[in-house]
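Add chain B to chain A, keeping to what the hints say.
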Amino acid sequence: MSPSPAPAGVIRGTVRDAAGAPVAGARVAFTDGPVPLPDIAAVTDGEGRFALTAPAAGTYTLACREAAGAASAQVRVGGTAEPGAAGRPEDVRADLRLG
Amino acid sequence: MPQDPHTPVSSESPAGLLPADGQPVFQQPGTGEGDAPATGSSTGTEPVEGYRLPEAPEGGDAFGGPLPDIGEASFGPPADPETVHGPDDRVQITNTCVYPWRVHCFLEITAADGSAWLGTGWFIGPHTIATAGHVVFIKNSGVPGRDGWVRSIKVWPGRNGNTVCYGPVVSTNFRSVTGWTGSGDENYDYGAIILPTDLGLQTGWFGFGVWSDADLLQVTGNIAGYPGDKPYATQWYDARRIDSVGPRKVYYDIDTFGGQSGSSVYRITGNDRFGVAVHAYGGARVNSGTRITTPVYNNFVAWKA
Chain A
1 MSPSPAPAGV IRGTVRDAAG APVAGARVAF TDGPVPLPDI AAVTDGEGRF ALTAPAAGTY
61 TLACREAAGA ASAQVRVGGT AEPGAAGRPE DVRADLRLG
Chain B
1 MPQDPHTPVS SESPAGLLPA DGQPVFQQPG TGEGDAPATG SSTGTEPVEG YRLPEAPEGG
61 DAFGGPLPDI GEASFGPPAD PETVHGPDDR VQITNTCVYP WRVHCFLEIT AADGSAWLGT
121 GWFIGPHTIA TAGHVVFIKN SGVPGRDGWV RSIKVWPGRN GNTVCYGPVV STNFRSVTGW
181 TGSGDENYDY GAIILPTDLG LQTGWFGFGV WSDADLLQVT GNIAGYPGDK PYATQWYDAR
241 RIDSVGPRKV YYDIDTFGGQ SGSSVYRITG NDRFGVAVHA YGGARVNSGT RITTPVYNNF
301 VAWKA
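So the sequence lines, in the order shown, correspond to chains A and B. At position 73 of the first sequence (counting the first as 1) the number is 73 in the UniProt record's numbering, and the numbers step up by one without a gap. At position 214 of the second sequence (counting the first as 1) the number is 214 in the UniProt record's numbering, and the numbers step up by one without a gap.
Bear in mind the hints are in silico, worked out from the structure with no lab data behind them. Please note that a few of the clues may not be correct.
[Stated by the list, open to error] Which residues of chain B face chain A? A few of them, derived with a C-beta cut under 7 Å, are:
no. : residue
1   : Val98
2   : Gly119
3   : His134
4   : Val143
[What the hints assert, rightly or not] Examples of chain B residues toward chain A, derived with CB under 7 Å:
no. : residue
5   : His6
6   : Thr31
7   : Ala116
8   : Trp117
9   : Gly142
10  : Gly228
11  : Asp253
12  : Gly258
13  : Gly259
14  : Gly283
[Unchecked claim] FRET-style restraints, in silico, Cβ to Cβ:
no. : chain 1 : residue 1 : chain 2 : residue 2 : range
15  : A       : Asp91     : B       : Ala112    : 18 to 26 Å
16  : B       : Gly50     : A       : Ala24     : 33 to 41 Å
17  : B       : Leu17     : A       : Gly99     : 27 to 35 Å
All C-beta atoms, glycine included, are put in the ideal place defined by N, C-alpha and C.
So here's chain B without its partners, still in its complex pose:
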């Protein structure tokens, strides 16, 4: 039934996306075997030698820097998908066999039509890897035989080129939601890979949670993944302050490239890492990921069980 155009709407976030009491809700990370992880830097980034968080635009208030067009408020940032913006700040991670780097997985994907693809995922539990919906389920490809659940994904936790830390483990067991599999709506572009083993007990996993808009706009977003413009299966890292948030999306100017779909967009608190979004799309001024809202959180909790 078509919706009545006079249906009242509110400036409040859509009901049920954020905790009603405004308090964050989160799952704790697990660090797997070995030593305790390094503590994050004072700027909320990973303590990577040679990496420094780029300067934020001048001005601490909403009118202190270059202003985006008001249209971005309704339609999102410009649609032009240049995924590396300005200077390329990405740094290579070579000690990928230690936490937190081994949580990030290089994914070799075989689609239903036999075509091959590369993506990234991250452990959220002993046998569950979060990723983008379009990594596990291809929608509206226009190529006969390609759409639908992918045939299999080979998972390489913490791979560094020819150096293999764990696995690989092959999975044919995937999860997503109808907002993606039925409608192909990018607001619902998230999913999970279920492993046949509890490899995550060795690698560890990231926590994840639901935070308010105001909270997310104060934190540094971190992304590590496997970009396709770098040597094969090498892991790269970058970070920036979160640029903007929508009800179901998070926007950031963290450099990425094809192959990083499914990466964790995560915040660091002390030595704990928490996913706040699943990276999925490249854009002109900023890239974007599917925000971990309450429904996403609940599904991740169910899928890690």
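Bound conformation, chain A alone:
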């Protein structure tokens, strides 16, 4: 049995509508990444925020498809967090603007 290591990063962002207002209750999920990823969808909080776990270093694509529009973003998680920093995963930003 191989224990999974600490994640490389956490991808945090906010979903906004075309006018720039945060969208609560929007669904965000990975559509691409460097490793197989859990097929679960995050739901944004009251301020449109989400945080998805990036288990390994690499490039991730995330998408949001709502009645108000769709958006996607591609981000690179380097896994460069200092090993001495208590193994903290790297924080990566990915905001989505529905259009």
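Frame of chain A, contents of chain B only:
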């Protein structure tokens, strides 16, 4: 104690994962209230109007089609998780209040840190819903306060958008195994939701079982669930022949999207449906689920009691 590198190994499957006599072992489905369910099609799919099983790659033997890299045999299919591959074959199910569609549950999950998530589960008994381990227990998230058992899950059997067939029922009672909760190993990514009511007596449930590699490679895998790229809480269906199997995993090119973790990967025999795996991960060429091996089967039997 570290394992001796000279410990002998065998080409046989790890002991205890499959029945010793090679015969399938399974639990029977229950169809709940109402009429008898529709019989599956001759290709092993659900008889959904407008849905046709995509053509299999040409050639009936192992060397008849495009060949994967030999490395896939050891390391699994490519790791790139595009969960909808090529043409999107998913079809929407709108008559979700009848069996078998009402067995599939839309899950609204509240994690320990209050964050919200969507997943899918399926009845395996009157008060038990099978799902992925990461639906009920979050592991290695990297987010303070998020890891551990989720706070609650709101279960909507057979929901279709704003049409509610049953429930919802809220559960705070979950099951998984240490291979997932302790090690976060995807080979053990399965769990269950225990409901405080016997709602499954109305919805019915799927059977589930353990089949050999050769048997699974001959069947069509069916998945229905609640993908997050479609209108909220709508149910979608797709099917394909099983692509490959590992000791604890099943691989398939059935289109899915975030929100379908925990779906049943099931086979149809006559008008009976049997889960063979729990969908959990998206991949580049194929998606994958946790195979129902003998230990998984035994846990499901215990959890449905």
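Hint numbers not upheld by this structure, sorted from lowest to highest: 1, 5, 6, 11 and 17
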